[in-house]
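A.B. asks: Line by line, the protein sequences are chains P and D.
One point on numbering: in the working numbering, the residue at position 84 of the first sequence is 84, and numbering is uninterrupted.
Every number in the working numbering is 1000 more than the matching position in the second sequence, counting from 1.
Check the hints yourself; a few may be wrong.
Claimed, not checked - Derived CB-CB ranges, DEER-like: (1) Lys198/P <-> Lys1199/D: 31 to 39 Å; (2) Asp241/P <-> Val1009/D: 48 to 56 Å; (3) Leu91/P <-> Pro1079/D: 56 to 64 Å; (4) Thr71/P <-> Gly1103/D: 28 to 36 Å; (5) Val32/P <-> Pro1079/D: 41 to 49 Å; (6) Val1082/D <-> Ser167/P: 44 to 52 Å; (7) Phe215/P <-> Gln1200/D: 28 to 36 Å; (8) Ala199/P <-> Gly1103/D: 40 to 48 Å; (9) Ala90/P <-> Gly1103/D: 32 to 40 Å; (10) Pro38/P <-> Arg1022/D: 54 to 62 Å; (11) Glu1126/D <-> Leu91/P: 29 to 37 Å; (12) Lys1049/D <-> Gly28/P: 54 to 62 Å.
Simulated from the structure, these hints should not be mistaken for lab results.
Quick caveat, the model's predicted, so the values are computed rather than measured.
Note that beta-carbon positions come from the ideal geometry of N, C-alpha and C, so glycine has one too.
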Amino acid sequence: MLRSKITFIVALCGLFLALLSFTDVKDGIAFVVPEGWPAPVYDFSKNPVTDAGFQLGRQLFYDPLLSRDTTVSCASCHLQATGFAHVDHALSHGIGGRVGTRNAPAILNMAWSKTFMWDGGVNHLDMQPLSPITSAAEMDETMENVVRKLNASDKYRRLFRAAFGDSLATGQKTLLALSQFVLMLNSYNSRYDKYIRKAPGGEFSAQELNGLAIFRAHCAACHTEPLFTDGGFGNNGLPVDTALSGLRAPQYHPKPRRFAQIQSADAAQHPVHLPVHARRAFQKTVASGATLYPGRSAKHNA
Amino acid sequence: MGTLRITLVPLVDGKPLILENRLYHIQNGDSLYVDMLRFYLSTLRLKGKNGVVFSEKDSYHLIDAGEDGNCLIALENIPIGVYDTFFFNVGTDSLTNVSGAMGGDLDPTRGMYWAWNTGYVNVKIEGRSNACNTLHHAFTFHLGGYMPPHQTVRKVELPLQNLRIGENATTDLRIAADLGRFFSRLQLAQTNSVMLPSKQAAQLADYFSGIFSPE
Chain P
1 MLRSKITFIV ALCGLFLALL SFTDVKDGIA FVVPEGWPAP VYDFSKNPVT
51 DAGFQLGRQL FYDPLLSRDT TVSCASCHLQ ATGFAHVDHA LSHGIGGRVG
101 TRNAPAILNM AWSKTFMWDG GVNHLDMQPL SPITSAAEMD ETMENVVRKL
151 NASDKYRRLF RAAFGDSLAT GQKTLLALSQ FVLMLNSYNS RYDKYIRKAP
201 GGEFSAQELN GLAIFRAHCA ACHTEPLFTD GGFGNNGLPV DTALSGLRAP
251 QYHPKPRRFA QIQSADAAQH PVHLPVHARR AFQKTVASGA TLYPGRSAKH
301 NA
Chain D
1001 MGTLRITLVP LVDGKPLILE NRLYHIQNGD SLYVDMLRFY LSTLRLKGKN
1051 GVVFSEKDSY HLIDAGEDGN CLIALENIPI GVYDTFFFNV GTDSLTNVSG
1101 AMGGDLDPTR GMYWAWNTGY VNVKIEGRSN ACNTLHHAFT FHLGGYMPPH
1151 QTVRKVELPL QNLRIGENAT TDLRIAADLG RFFSRLQLAQ TNSVMLPSKQ
1201 AAQLADYFSG IFSPE
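Excised from the complex, chain P in its bound form (with noise of 0.2 Å):
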């Protein structure tokens, strides 16, 4: 009799579970390619969004375990109001009040991106939290000890044991979530946007049709639609900062670097434009050894 009334029970709870699962699938997280975007670059089949992953990847990026004295998050630059960029500061700053020598870019479509970092030293979404979390000037740690804080936390051990079916924090699945949670961040919800899915409230007024004529006219080609960018790298035609180069460390930047990713309309919330040049020149340039001298290479400055 006891047996039966278990197994009732346990059959309701399975019935519940069912109901709980399809609704989280209803109302869950999903990444969609916006209509007439172009194919990701990301390849989700290795680590595809999930409810579960998508949170912990939320609770890591705003969560300042991640730095060394626990000060500092990845939201403390990349500033959700303000479209995960870093406003009101040239450069930005980490731990204990120290500045880097660059402005985090805003985070946006990023599943689209080959190459991170303004100089593009970074290859895989995945990798490119290691960079700001080891930096001597941003998070100041090592993704070892950031392991070991995660599988210190009980919430934590909760939260891979969900995403990931094993409570075990390492290193890749800290990562992976991390990339989740970023994979979200789009932009295919703009007025410009509305205005090409010809959907309500993406009416433009006749100066803002101009505007966007102008631009197709003499911007799109780098800043190429409907991301805004080509992934290209430009010349921003400006003398290197002497300032800057005492600031940065000699052994990451062996060379002067005069290039910067060509950043998409919306995140161009940084101090400076970025006049543009070809990707092929730059590419010959690399491959020589070469430095490029504004004026003689900067497309804008010719």
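Use these hints to put chain D onto chain P, whose structure you have.
C.D. replies: Relative to the frame of chain P, chain D by itself:
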């Protein structure tokens, strides 16, 4: 099916490698201490006389002379037979370097990953020598780089003396990794700090790939 237990035996000029506390005198005149020796072996394969080839799946191994048990690799489910060649890569191939976050020995917490310019460090050799005009007389070789023209992964092919894999049996294979062969190719006074993908890193990777031989 049988098992092959491979033991990497780190040496310096034929003498066992003891980290930090033993001074080695290399034939080229340099005297040195070795503080760290870590490297990846990947894509392990065995070729048999009858043409049988065994390839290990997901074949990545971080060898660390400073950690007990991290010089040992067990290859399992090898078809029985006699094998005469052992192939492996020193380092990680380019696909591994562009595939995002990996686990196990490739986990970025293993300290063999460059954050600021993506890619695995294939080989880390660190130590001290009075020949080095550096802080604490240190030499530091972090050999990595997967993009042309400075790739640092190296293929190695070692002949085996009729290695027999028996049914449900474990066969032992000892591979000497003699750092003397690496250090004798360079002068630490001139070459003591290589930590970027470069022509020099590629050359040192060539030297390093020559340190292996069946014991």
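A.B. asks: Please go over all the hints and tell whether each is borne out by the structure.
C.D. replies: Cross-check of the supplied hints:
{"no.": "1", "hint": "Lys198/P <-> Lys1199/D: 31 to 39 Å", "verdict": "violated (55 Å)"}
{"no.": "2", "hint": "Asp241/P <-> Val1009/D: 48 to 56 Å", "verdict": "holds (52 Å)"}
{"no.": "3", "hint": "Leu91/P <-> Pro1079/D: 56 to 64 Å", "verdict": "holds (60 Å)"}
{"no.": "4", "hint": "Thr71/P <-> Gly1103/D: 28 to 36 Å", "verdict": "holds (30 Å)"}
{"no.": "5", "hint": "Val32/P <-> Pro1079/D: 41 to 49 Å", "verdict": "holds (46 Å)"}
{"no.": "6", "hint": "Val1082/D <-> Ser167/P: 44 to 52 Å", "verdict": "holds (46 Å)"}
{"no.": "7", "hint": "Phe215/P <-> Gln1200/D: 28 to 36 Å", "verdict": "violated (46 Å)"}
{"no.": "8", "hint": "Ala199/P <-> Gly1103/D: 40 to 48 Å", "verdict": "holds (42 Å)"}
{"no.": "9", "hint": "Ala90/P <-> Gly1103/D: 32 to 40 Å", "verdict": "holds (39 Å)"}
{"no.": "10", "hint": "Pro38/P <-> Arg1022/D: 54 to 62 Å", "verdict": "holds (58 Å)"}
{"no.": "11", "hint": "Glu1126/D <-> Leu91/P: 29 to 37 Å", "verdict": "holds (33 Å)"}
{"no.": "12", "hint": "Lys1049/D <-> Gly28/P: 54 to 62 Å", "verdict": "holds (56 Å)"}
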